[in-house]
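Chemist: Position chain B relative to chain A; hints supplied.
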Amino acid sequence: MSRAFLAILRRDLALASRAGGGGELALVFFLTIVVLVPFALGPDLNLLSRIGPAILWLGALLSMLIGLDRLFQADEEDGSLDLIRASMLPLELAVLAKGLAHWLTTGLPLALAAPLLGLLVALPGEAMLPVAATLLVGTPALSFIGAAGAALTAGLRRGGLILPVLVAPLTVPVLIFGVSAANAALGGTIPFSTPFLILCALSLAAIVIGTLAAATALRQGE
Amino acid sequence: MTQFSFPKLAIEAGNLACRRGGRLIFEGLAFRLGTGEAIALTGRNGAGKSSLLAMLCGRLRPDAGTIRIDGAPEIAPIELSHVVGHRDGLKTALTAQENLAFAQALLGDVALSPAEALAVVGLPHVAALPVGYLSAGQRRRVALARLLVSRRPFWLLDEPMSALDLAAQDMLSGLMRAHLADGGAILAATHGPLGLDGARELRIGP
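Going down the list, the sequences are from chains A and B. Under my numbering, the first residue of the first sequence carries the number 1, and numbering increases by one thereafter. Under my numbering, the first residue of the second sequence carries the number 1001, and numbering increases by one thereafter.
Because the hints were derived from the structure by calculation, they are not lab data. There's no promise every hint is true.
Said to hold, decoys possible - Not the full set, but computed from the structure, chain B residues with beta-carbon under 8 Å of chain A:
| id | residue |
| --- | --- |
| 1 | Asn1045 |
| 2 | Cys1057 |
| 3 | Glu1079 |
| 4 | Leu1090 |
| 5 | Gly1108 |
We put the CB at the ideal spot given by N, CA and C, even for glycine.
If we strip away everything but chain A, and leave its shape as in the complex, we get (with noise of 0.2 Å):
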């Protein structure tokens, strides 16, 4: 059974390595949106760092939504859907790796190049890490709610424009969350271990619940 488990994991991970497997997409689209930001504001830094965590936050949530679409679609696509479902693993395991695949390929390296983009908001030294430590506990959330979504529109044609619009929704609880323990890492009253528990406890939720939704949602078929 764990070696089902593993071959899917192995195997989306390969898939979002190779050609056109869109693993540097959410990376390059949050890359972009840091970027395009301080042009628009203007060269106002104390402005651009007070407000820095938040685009931070907004560029990572926007960019897992990026491609997530495919996450079943392309499987149920091209019949590897019929494959996992033929195997004996639970279809709940199954899903859990490959929300964890999707999480290793695409919230993992928006965390890790976190501080790195800090730099492009004036985010001051010591709030880089609790930043990129908020993504980092806070994007699994994403990709597990996200994967519910995903394997809800699996079967429609033109999934991707009608799953953010389902989605976004139940990111929001994330998003404040994850702002507010950023922005508690930057100074003020509340203390920093306060948002970011409550933001861990939001990811674990996430992961049980949006597993076993979108493996319900896929059982459901046609």
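Modeler: Below, chain B alone, put in the same frame as chain A:
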């Protein structure tokens, strides 16, 4: 090679009805597919052959009726089956070898290695090529090689002969006969001959 034999199992379908887009495609369909048996599923285009296979895969829910495994009712038929259809389950970015290794890890019950299976279907030279570079017939052969990398009693095939050249059609007929001799069972939707003597015909629609 030692003589291998599958346990005695049968797929039983009773009173199946299929509805697509609100339109009734077929109803009252019943069949039993037991060990060593082959069924050639025929019918005009749009009669519901692929829909029936999709139901057996669990991708489509029957409008009415039941599908179950006689002898192991708690197992979904798909978990004892190989499926090769129009959606061939191959990733174009991965090599033939990688695709087969993935299928083997997923399906379990290891039989031949991916390299051996590719040799049997006559494609030992494409193992390291991404499937996206292969022709339609070669892709179909790689998908058929999946039948050999892990051992499953039921083969559900949708137009298995399509895109295959004559030699490959003979090869597939040989594989199917060997599978039936091992006590396996085959359900194949087809318009042409399968090259199997004892195959029953199940016709959907007029």
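Chemist: Are the hints correct? Go through all of them and say.
Modeler: Evaluation of the provided hints:
no.: 1; hint: Asn1045; in the structure: violated, 20 Å
no.: 2; hint: Cys1057; in the structure: holds, 5 Å
no.: 3; hint: Glu1079; in the structure: holds, 6 Å
no.: 4; hint: Leu1090; in the structure: holds, 7 Å
no.: 5; hint: Gly1108; in the structure: holds, 6 Å
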